[in-house]
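*Asks:* Protein chains in written order, with our numbering: chain A, 93 to 474; chain B, 930 to 1141.
It should be emphasised that the hints constitute simulated quantities derived from the structure, not laboratory data. C-beta: ideal position from N, C-alpha, C; glycine also. Heads up, none of these hints are tricks.
Derived Cβ-Cβ restraints for the label pairs, each shown as a range:
| # | chain 1 | residue 1 | chain 2 | residue 2 | range |
| --- | --- | --- | --- | --- | --- |
| 1 | A | E423 | B | S1080 | 47 to 53 Å |
| 2 | A | Y421 | B | Q941 | 26 to 32 Å |
| 3 | B | P1019 | A | Y421 | 42 to 48 Å |
| 4 | A | A407 | B | E1016 | 25 to 31 Å |
Below, a sample of chain A positions facing chain B; criterion: calculated Cβ distance under 8 Å:
| # | residue |
| --- | --- |
| 5 | F301 |
| 6 | F302 |
| 7 | A304 |
| 8 | V305 |
To list a few chain A residues with every Cβ distance to chain B over 12 Å, as calculated:
| # | residue |
| --- | --- |
| 9 | P276 |
| 10 | K366 |
| 11 | D416 |
| 12 | A463 |
Residues per chain are reported as follows:
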Amino acid sequence: MSTPRFIDIHALQTVPFSNLNRDDQGAPKTVVFGGVERTRISSQSWKRVIRHEVERVLGDPAVRTRRVVRGVAERLEKQGWPKEEAEAAGRQVARSAGSGIKLERSKDEQDEEVLTTSVLLYLPEAGMEELTAIAAEHRDAVVVEEAKPEKKRKGVLPGAAIAEVLGRRNGTINLFGRMLAELPGANVDGAVQLAHAFTTHSTSVEYDFFSAVDDVEQELGIPGSGHINTAMFSAGTFYRYANIDLRGLDANLGKDTAAARELVKTFLDAFITKLPTGKANATAPASVPDLVHVAVRADRPLSLATAFEAPVQPAEGHLAPSLDKIVAYAESVNTLLGADQRLWSGHTIAGRDKLTQLGDHHASFADLTTAAVAAAYGRESA
Amino acid sequence: MNAWLTQITLNQRHPGIAKQITDANRLHQELMFLAPDDLGERPRSAAGLLYRLEETPAGVKILVQTHTQPRLDRLTNGFAATIVTRELTPLLKNLSTGAHVRYRIAANPTQRVGNSTTDPRRKGKLTVLTGERGELWWLARATTNGLHPFSLTQSRLPDICAGKTRHAATRFDGVGVVTDADLLRQAILNGIGRAKSYGCGLLSLGPAQRPE
Chain A
93 MSTPRFIDIH
103 ALQTVPFSNL
113 NRDDQGAPKT
123 VVFGGVERTR
133 ISSQSWKRVI
143 RHEVERVLGD
153 PAVRTRRVVR
163 GVAERLEKQG
173 WPKEEAEAAG
183 RQVARSAGSG
193 IKLERSKDEQ
203 DEEVLTTSVL
213 LYLPEAGMEE
223 LTAIAAEHRD
233 AVVVEEAKPE
243 KKRKGVLPGA
253 AIAEVLGRRN
263 GTINLFGRML
273 AELPGANVDG
283 AVQLAHAFTT
293 HSTSVEYDFF
303 SAVDDVEQEL
313 GIPGSGHINT
323 AMFSAGTFYR
333 YANIDLRGLD
343 ANLGKDTAAA
353 RELVKTFLDA
363 FITKLPTGKA
373 NATAPASVPD
383 LVHVAVRADR
393 PLSLATAFEA
403 PVQPAEGHLA
413 PSLDKIVAYA
423 ESVNTLLGAD
433 QRLWSGHTIA
443 GRDKLTQLGD
453 HHASFADLTT
463 AAVAAAYGRE
473 SA
Chain B
930 MNAWLTQITL
940 NQRHPGIAKQ
950 ITDANRLHQE
960 LMFLAPDDLG
970 ERPRSAAGLL
980 YRLEETPAGV
990 KILVQTHTQP
1000 RLDRLTNGFA
1010 ATIVTRELTP
1020 LLKNLSTGAH
1030 VRYRIAANPT
1040 QRVGNSTTDP
1050 RRKGKLTVLT
1060 GERGELWWLA
1070 RATTNGLHPF
1080 SLTQSRLPDI
1090 CAGKTRHAAT
1100 RFDGVGVVTD
1110 ADLLRQAILN
1120 GIGRAKSYGC
1130 GLLSLGPAQR
1140 PE
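Put together the whole structure using the sequences plus the hints.
*Replies:* In structure tokens:
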């Protein structure tokens, strides 16, 4: 039997009136696909909430920061160091990290000048404690070095130890990867690919004065009544997709199958349940996916985005025709690739009968993700 | 007074379309087909014809306003991909003082150079107002016409070519409150500013969120 190599997760999710992901003008992001404009939610925005959820569930947070200097200094001040010495130690950590990482001056939220690293570092939160400990060990050397004129100061902390901490990984770094060219060996290739979510139908976020005429007729009669600013929000049924490269994840984790299993399960659960938070307080767009379809494949990952290249026309809403399209497309493309390449598949669906074409039906999201992980890694031996 | 609003989505594949929309004289002639014949000395103002080109990701649309029901069958064949018409009269009737609106106008913000100029050759010529002077031009026009703008975005549009003459155009967008419904109604019907034959002066309103 062929070995599982990829897990695909597809979702159709109806998101009500909202603006989860804004562009520089504050309008929802868009994409032109199949000749019409759709609302788009960028993968980076969705990935961020998924990453935080995975870290929360696994209790294994990572920090993505330029403020290592501040972070170390604050920790040392808590240990009772005088402020000046603590800040000197913070600077030393950045100076000693390696030739690619430099100190820069920038402004913080209160417009005060702070020192930041030239690159965005991404490390497990526990790493900050260790950096602090390294600095504390060499307190005397730090104080002497930072007393010199600024141009003459060099890094006196053990560079290899700091580089080791900065290059350390946690679960989400193994899952999503890390780009840190300035530190040799710290790059991690992500095992997850996440698509930008887009609506299966056309949406219009441009203010349309022609269509607005109707609304005006209804609304303008009442002076000062509350109105909705249509330009900045939209709603629709989104197609979402991600895949996990099981072999890549295995390589990142050094063949730790138990960890891989846990990460995959947590990722799938977070993909299903989490939404980006843009304008959430004003719109409460807390919906769940109407359809989740997971497939374990032996050959290659498979996106079903093409099913919606022709925009769906509303017929009792957008969801029902979207479901028909994805089912038909999945069936035909799986035939093209060879039915035996899809080793396992399953789905959950809200508000209607189970589908026969997208694998086994599962009653809950958790059932589905548990079964998917079992299909990819075998049943848990416990 | 009645008014109709017509939205024409241009047929991009029509061979003459590029010429049609780059020469405002020709576009004006074409759109005047929508109005009745024999309108006397000043046919445009008698027909109440105003229009604005709107570039959308889906192509160029023309919004045309007329005082009479547009005669859509008279447009050149193949000129429009889709045409939709809506009666504007209920909007005009219901427009009330105190209502919050979103507005858009493409206008020709110009001013005659007066006697105070130091350069005698410039006297009586038109000068285009941009930047802060352009904003003030619109704010003055809006307030005298019964609309008090709360916000204003000014975007300079490419010059409109009508034969050898060029007309400057600026789009003003924003939200505001209706301070005098009667005046504003007249401004919508008659248009604001110069170059009304060439796609300037049509004021559009839509509902807006009440500012908090």
